[in-house]
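K.L.:
Here's the letter readout for the chains.
Protein chains: 2
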Amino acid sequence: METILVAGAGLVGSLLSIYLARLGHQVQLFDRYPDFREAEAPGGKSINLTLCERGFAALDRVGVGDRVRSISVPCYGRVIHGVDGTLEYQPYGTRREAIHSVSRNHLNRVLLGMALEQPTLDCHFKQKILEVDLHQPSLTLRDLRSGELTELPGDRLFGADGAHSAVRTQMQRTRRFDFTQEYLDQAYKELNVAPAADGGWALEGNAIHIWPRGHYMLIGFPNLDHSFTLSLHMPYEGAAPAFSSVCTPEDLTALFSTSFPDALPLLPNLVADFFGRPEASMITVRCSPWTFEDKVLLIGDAAHAIVPSYGQGANSGFEDCSVLADCILEGGGDWRQVFSRFETQRKPNADAIGDLALEHFHELRDLVGDHEFQLRKKVERRLNELYPDRYVPLYNLISFTNVTYVEALRRERVQRALLDRLMADPGVRERLERGDAEESLDPLLSDLTMETLGQTVAL
Amino acid sequence: METILVAGAGLVGSLLSIYLARLGHQVQLFDRYPDFREAEAPGGKSINLTLCERGFAALDRVGVGDRVRSISVPCYGRVIHGVDGTLEYQPYGTRREAIHSVSRNHLNRVLLGMALEQPTLDCHFKQKILEVDLHQPSLTLRDLRSGELTELPGDRLFGADGAHSAVRTQMQRTRRFDFTQEYLDQAYKELNVAPAADGGWALEGNAIHIWPRGHYMLIGFPNLDHSFTLSLHMPYEGAAPAFSSVCTPEDLTALFSTSFPDALPLLPNLVADFFGRPEASMITVRCSPWTFEDKVLLIGDAAHAIVPSYGQGANSGFEDCSVLADCILEGGGDWRQVFSRFETQRKPNADAIGDLALEHFHELRDLVGDHEFQLRKKVERRLNELYPDRYVPLYNLISFTNVTYVEALRRERVQRALLDRLMADPGVRERLERGDAEESLDPLLSDLTMETLGQTVAL
Numbered sequence: 000m001e002t003i004l005v006a007g008a009g010l011v012g013s014l015l016s017i018y019l020a021r022l023g024h025q026v027q028l029f030d031r032y033p034d035f036r037e038a039e040a041p042g043g044k045s046i047n048l049t050l051c052e053r054g055f056a057a058l059d060r061v062g063v064g065d066r067v068r069s070i071s072v073p074c075y076g077r078v079i080h081g082v083d084g085t086l087e088y089q090p091y092g093t094r095r096e097a098i099h100s101v102s103r104n105h106l107n108r109v110l111l112g113m114a115l116e117q118p119t120l121d122c123h124f125k126q127k128i129l130e131v132d133l134h135q136p137s138l139t140l141r142d143l144r145s146g147e148l149t150e151l152p153g154d155r156l157f158g159a160d161g162a163h164s165a166v167r168t169q170m171q172r173t174r175r176f177d178f179t180q181e182y183l184d185q186a187y188k189e190l191n192v193a194p195a196a197d198g199g200w201a202l203e204g205n206a207i208h209i210w211p212r213g214h215y216m217l218i219g220f221p222n223l224d225h226s227f228t229l230s231l232h233m234p235y236e237g238a239a240p241a242f243s244s245v246c247t248p249e250d251l252t253a254l255f256s257t258s259f260p261d262a263l264p265l266l267p268n269l270v271a272d273f274f275g276r277p278e279a280s281m282i283t284v285r286c287s288p289w290t291f292e293d294k295v296l297l298i299g300d301a302a303h304a305i306v307p308s309y310g311q312g313a314n315s316g317f318e319d320c321s322v323l324a325d326c327i328l329e330g331g332g333d334w335r336q337v338f339s340r341f342e343t344q345r346k347p348n349a350d351a352i353g354d355l356a357l358e359h360f361h362e363l364r365d366l367v368g369d370h371e372f373q374l375r376k377k378v379e380r381r382l383n384e385l386y387p388d389r390y391v392p393l394y395n396l397i398s399f400t401n402v403t404y405v406e407a408l409r410r411e412r413v414q415r416a417l418l419d420r421l422m423a424d425p426g427v428r429e430r431l432e433r434g435d436a437e438e439s440l441d442p443l444l445s446d447l448t449m450e451t452l453g454q455t456v457a458l
Numbered sequence: 000m001e002t003i004l005v006a007g008a009g010l011v012g013s014l015l016s017i018y019l020a021r022l023g024h025q026v027q028l029f030d031r032y033p034d035f036r037e038a039e040a041p042g043g044k045s046i047n048l049t050l051c052e053r054g055f056a057a058l059d060r061v062g063v064g065d066r067v068r069s070i071s072v073p074c075y076g077r078v079i080h081g082v083d084g085t086l087e088y089q090p091y092g093t094r095r096e097a098i099h100s101v102s103r104n105h106l107n108r109v110l111l112g113m114a115l116e117q118p119t120l121d122c123h124f125k126q127k128i129l130e131v132d133l134h135q136p137s138l139t140l141r142d143l144r145s146g147e148l149t150e151l152p153g154d155r156l157f158g159a160d161g162a163h164s165a166v167r168t169q170m171q172r173t174r175r176f177d178f179t180q181e182y183l184d185q186a187y188k189e190l191n192v193a194p195a196a197d198g199g200w201a202l203e204g205n206a207i208h209i210w211p212r213g214h215y216m217l218i219g220f221p222n223l224d225h226s227f228t229l230s231l232h233m234p235y236e237g238a239a240p241a242f243s244s245v246c247t248p249e250d251l252t253a254l255f256s257t258s259f260p261d262a263l264p265l266l267p268n269l270v271a272d273f274f275g276r277p278e279a280s281m282i283t284v285r286c287s288p289w290t291f292e293d294k295v296l297l298i299g300d301a302a303h304a305i306v307p308s309y310g311q312g313a314n315s316g317f318e319d320c321s322v323l324a325d326c327i328l329e330g331g332g333d334w335r336q337v338f339s340r341f342e343t344q345r346k347p348n349a350d351a352i353g354d355l356a357l358e359h360f361h362e363l364r365d366l367v368g369d370h371e372f373q374l375r376k377k378v379e380r381r382l383n384e385l386y387p388d389r390y391v392p393l394y395n396l397i398s399f400t401n402v403t404y405v406e407a408l409r410r411e412r413v414q415r416a417l418l419d420r421l422m423a424d425p426g427v428r429e430r431l432e433r434g435d436a437e438e439s440l441d442p443l444l445s446d447l448t449m450e451t452l453g454q455t456v457a458l
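The listed protein sequences correspond, in order, to chains A and B. Just so you know, we're using numbering that gives the first Met the number 0 here: the first sequence kicks off at 0 and counts up by one. Just so you know, we're using numbering that gives the first Met the number 0 here: the second sequence kicks off at 0 and counts up by one.
In short, the hints are calculated from the structure, not lab data. Fair warning: there could be bad hints in the mix.
Simulated crosslink set (DSSO-like; lysine-lysine; CA at most 27 Å straight-line) [claimed, not checked]: (1) B/K294 to A/K127; (2) B/K125 to B/K294; (3) A/K125 to B/K127; (4) B/K294 to B/K127; (5) A/K127 to A/K294; (6) A/K294 to B/K127; (7) A/K294 to A/K125; (8) A/K127 to B/K125; (9) B/K294 to B/K346; (10) B/K127 to A/K127; (11) A/K294 to A/K346.
Covered stretches of chain B (in silico footprint by chain A; criterion: 3 or more residues with CB under 8 Å from a CB of chain A, positions within the stretch not fixed) [claimed, not checked]: (12) 119 to 125; (13) 178 to 187.
Quick caveat: nothing in here was measured; it's all calculated off a predicted structure. We treat Cβ as the ideally placed atom computed from N, Cα and C, and that holds for glycine.
Okay, chain A solo, but in the shape it has when bound:
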């Protein structure tokens, strides 16, 4: 049994601590924020997030998946809102695949609660990291209530302290540590939609709602209490609308009347929500190495923060915990090997989902409402229906399987080439443009596709 310091009692830090305690270690968990179970959620983070298959797989392994399911709202598809109020429902898959909308704070409380049930785990709140000694390893912590400093040594140190990780900051000073953090030139603000007067949903409840509008958009996530959280995404500056151009309540109302008319009546607190909250920025973090000798490991956002558009931040962090557990099980007590296996496996996957999240951000914003995109989706859906195990759209590989991100991207390249060829086929295009039923494509698909799909599953 080792004493393991875990910096950060957020989502990944809490789940990691459960795993480590279950693997027989003494865990000391720290966070600079007050106990989330008693206090408001820390600022600067989204209210909602979505969990999918790979997140739940990691939660299920330590038996906390069902507790989390019970506080989540399954969403079986997207509802696209046109400017004219038309709605288009796009199911995520053909087998009721769902992503699950959950309150970040509620999820964190559940995970932390589970962590605190572990007999070999102690958790300390309001502890700010002042110094990190990587060699020992040890942490110098300031108690934010008493002001007192303590130095705490351990056998290993895990940095699960998020995109602005203090552990990583210390590693930044070590030899050959490459590091990048980059912000999007876009941000978002969260707005509340109350439940309907009868206590039900004000919008279709088991769906994600999207109002794609080119360089800006609105996205809505359902909450357990039948409220919704809407995120308004816009650039900081530049062509209107942008945060720099929406300065008055009138500007804001005009924007919603013009661009999101069906959302406006659901947002009685729009002005207070918008002007009372800071915009949330979106950061991508990459670094290398994730480890310091056999002493310190970065995990979750501390190692690979990604933008939220693919809904994979928490999922990839949870997957980290599960992969790490496998590495620990395989590696015996050889932590150098454990860390090295973990980084070798996870770094390419973290880079892949980081890139994908940046791409998907543009797709969501620009393409979800786009005609060509819709036609492609139609063909994709049919291919997926016909060959459910052989043609799985990228979004579904990411969200509804446990295939690695890297492998998902490899399959996507094969699938994309196939789709490009199909879309260039005059017969296919004619039927699509005519709006024929998706089944009408079948005779045109079978020959073209089978050869290609052979490659898809050649793992």
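Using the hints, position chain B against chain A.
P.N.:
Just chain B now, kept in the frame of chain A:
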């Protein structure tokens, strides 16, 4: 008069403090290292560096240039050492232009000494920054002797605390702060060449010595006491020789016998120097913004660390101080404007020299000993002799003028196109390959060049 906190009493922090004190401010200068005047130089930094025109221009403005000249060794050219012991002298310019080799520690002591002569300046050593409050601004410092913590407020805070800046680390956590640090896959070790038995130089004294060998090289800098510091540059890993492949004294001696035979007899302490010192890594740092509101400004390596190959690290940092002084003089007491002007002027120049330094690193290593490169240099030298104000090679623009880095690069693009055209001219090439005197090119040059050179000086 404002109270200005300057983090870092290195080269840039010391010079900056002199400037700020001269501009009428109360300066509080801090460093985590002991007083450089009493102690060994801090580890991890090069023993030598080179100063050039733009560095001296910034030193002269506060009257410290001559003190620095008196401790520097002017180098009027490069001596290229062939494997067979042949030497080729390449003068830097036609008018005895020189770069100046100086001990980093000695230079720092001179600057710090001058800073401490300023009546409105206090300097505090062995102060480690624990916390940075950007809003105040203030610093929480730990006295590394007594362990005591102090919180020190000021009106402004300047982060001159180097490539691993603690001030910048705090700014990293602010909204939309983009940041990259990237290491070269090469490193170097410093080796000492003692003065000759008669007390004179063991190698030509007023020159930089280079042993270019493809993916590795040796560079030598003269010191005031007639010793030399040689830097052995190699990759960390990969094709031999690399740091990973030079493991024993025998490996090392074999490398020098084969690749640097004329240097070997000058290095009686080779084995102890090489195995007794860590290899020094080379980092490039870029970030944006350099400012936090009108409170905090990053300067020197903290804002834009570059690899040392162009010898511009200290020079660009000193130029920062001079440009900042101009911005302060222009901006009155409006610090927001001062900071914004400074960043607008300096950021593109810092990016330019950062890129150039990375490029020049490869040029030094790969091309200095290259035949084609030598021929180009010959043509360049002649163009420079014929049109000394209109054709100035890039290295000379950077090292022997005060033209901005960005403007130097613009001129270089024009000049490079001209040189490409000349090198493709069969008449020019024939004379070059025959080894004719450089003057023999003149009849072929005049028409081709004048039109192009018109653009060079079109500022």
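K.L.:
Next pair to validate is A/K294 with B/K127; report whether the Cα-Cα distance is within 27 Å.
P.N.:
At roughly 24 Å apart (the allowed maximum being 27 Å), B/K127 and A/K294 satisfy the hint.
K.L.:
For B/K294 and B/K346, compute the direct alpha-carbon distance and say whether it is at most 27 Å.
P.N.:
Distance of about 18 Å is within 27 Å: holds.
K.L.:
Compare the distance between the alpha carbons of B/K125 and B/K294 with 27 Å, and conclude whether the hinted pair is satisfied.
P.N.:
Answer holds: B/K125 to B/K294 is near 24 Å, not above 27 Å.
K.L.:
Given the hinted pair A/K294 and A/K346, is their Cα-Cα distance within 27 Å?
P.N.:
Given that 27 Å is the threshold and the Cα spacing comes to 18 Å, the pair holds.
K.L.:
Quick one, are B/K294 and A/K127 close enough, alpha carbons at most 27 Å?
P.N.:
24 Å, holds
K.L.:
Mind checking, does the segment 178 to 187 of chain B have 3 or more residues with a CB under 8 Å from chain A?
P.N.:
holds (count 5)
K.L.:
Regarding the pair A/K294 and A/K125, is the alpha-carbon distance no greater than 27 Å?
P.N.:
Holds. A/K294 to A/K125 sits at ~24 Å (cutoff 27 Å).
K.L.:
Apply the coverage criterion to the segment 119 to 125 of chain B and chain A: a residue qualifies when its Cβ sits closer than 8 Å to a Cβ of the chain, and three qualifying residues are needed.
P.N.:
The restraint on the segment 119 to 125 of chain B is violated, since only 0 of its residues have a Cβ under 8 Å from chain A and three are required.
K.L.:
Next pair to validate is B/K127 with A/K127; report whether the Cα-Cα distance is within 27 Å.
P.N.:
At roughly 17 Å apart (the allowed maximum being 27 Å), A/K127 and B/K127 satisfy the hint.
K.L.:
Holds or violated: A/K127 with A/K294, Cα cutoff 27 Å?
P.N.:
Given pair A/K127, A/K294 holds - Cα atoms ~20 Å apart, limit 27 Å.
K.L.:
Next pair to validate is B/K294 with B/K127; report whether the Cα-Cα distance is within 27 Å.
P.N.:
Given pair B/K294, B/K127 holds - Cα atoms ~20 Å apart, limit 27 Å.
K.L.:
Can you confirm whether the C-alpha distance between A/K125 and B/K127 stays at or below 27 Å?
P.N.:
Holds, at about 23 Å.
Hint violations for this structure: number 12 only, all remaining hints satisfied.
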